[in-house]
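Residue numbers (my numbering), protein chains in the order written: chain A, 11 to 124; chain B, 443 to 556.
Just so you know, these hints were derived from the structure itself, not from any lab. Every clue listed holds true.
Computed list of lysine-lysine pairs in BS3-like fashion (alpha-carbon distance at most 27 angstroms, straight line):
#, chain 1, residue 1, chain 2, residue 2
1, A, Lys52, B, Lys555
2, A, Lys52, B, Lys513
3, B, Lys491, A, Lys67
4, B, Lys503, A, Lys52
Computed footprint of chain B on chain A; a stretch qualifies when at least three of its residues, placed anywhere within it, have a C-beta under 8 angstroms from a C-beta of chain B:
#, stretch
5, 44-53
6, 58-71
A short, non-exhaustive set of chain A residues, derived as facing chain B with CB atoms under 10 angstroms:
#, residue
7, Val14
8, Gln16
9, Phe101
10, Ala103
11, Ala108
12, Pro109
13, Ser110
14, Asp111
15, Thr112
16, Gln113
17, Tyr114
18, Phe115
19, Gly116
20, Pro117
21, Gly118
We treat Cβ as the ideally placed atom computed from N, Cα and C, and that holds for glycine.
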Amino acid sequence: EPEVTQTPSHQVTQMGQEVILRCVPISNHLYFYWYRQILGQKVEFLVSFYNNEISEKSEIFDDQFSVERPDGSNFTLKIRSTKLEDSAMYFCASRRGAPSDTQYFGPGTRLTVL
Amino acid sequence: AQSVSQHNHHVILSEAASLELGCNYSYGGTVNLFWYVQYPGQHLQLLLKYFSGDPLVKGIKGFEAEFIKSKFSFNLRKPSVQWSDTAEYFCAVNASYNNNDMRFGAGTRLTVKP
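Next comes chain B alone, as it looks inside the complex (with noise of 0.2 angstroms):
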């Protein structure tokens, strides 16, 4: 079964500072790739996701992820972020022909210091 893995448990930047969230994956086969983002009290929001084409992603509010398939990663970056950005950000996978569940990392939470 797949499972995903986020390194950071808790990130602490500045504003205008540079965010890059390690995800990484285990899955052998065709795998889509979302990133959630979850702002203090509110649901679990889509930000981007891969499934296929560009592995380059560009997703809302400014944040990217590239998915590189020979190290099953799937990194969420930013180039400068906000105080808006705090929240609880989740990589998760589900295979590519599987309907069913989808596998969330353990979450990262991000605290940008204004």
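For reference, chain A alone in the conformation it holds in the complex (with noise of 0.2 angstroms):
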């Protein structure tokens, strides 16, 4: 069965420096997401991703983070100056269509921020 894949599994980064998670969607899916979960908190929305251009965001996804598609499989999640609050598992999904379709989650990149 196809499956969303996610690199690496654990980054450790210092505080100012940029990252860039990674993130292999299901060949066929049209719809890609970010999410982000802090450690004991809910799976928190992050940005959605269609047709080569951001289509929502949340008010997390400030202009520190960017997203990209830079290729016919890759999605990035880049944030540009970690802050000790990033700090989370970041986990990509896919959805090939309609909204009723599974969103189909990634094993997670885990953030740590020193």
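Two chains, each in its own frame: build the complex with the hints.
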């Protein structure tokens, strides 16, 4: 069964550094998402992406965040200048088409900002 | 904007006990409803979803959920839990017409004692 993959599984960085989290969505999916989950808290929506542009973003997704689909398979989340409070689990998800279709989640990248 | 409430933060049951996890959502339009499970150290997996038709939805591993529109609820049930059901359970909702974000509840941690 196809699955969403994410790399790395764990990223440790110093405050102020840039990080890029990578995701490979399921190949025939059209909608892509990033979520984060701070330890012990709920899963929070960050951004959705369709047709090579952001379709919606949450208040969390400020100017420090950006997303890109640099080629036909990868979907990346960049944090330009990490803060301590960016430490969280970041999940990528993809969905084939209609809103009722299942969103498939990747295993997540644990980001630790020191 | 839609929101999701899960009233039980941590539920502890013995094996073979029956389970019901509450989920209420706040949204005036037509919605799609989902239950995801996160086993320890693993990523989010879909248990079941509702988007139309029979309000009683059956999912994997013996789980079911009932959509009660008048109560804005989508409670998850299982008649007899197993130790392997120990996990975090998340209710989620998106608007039927909206291709974008999915809102998650805070999650309910289920611990099943052998």
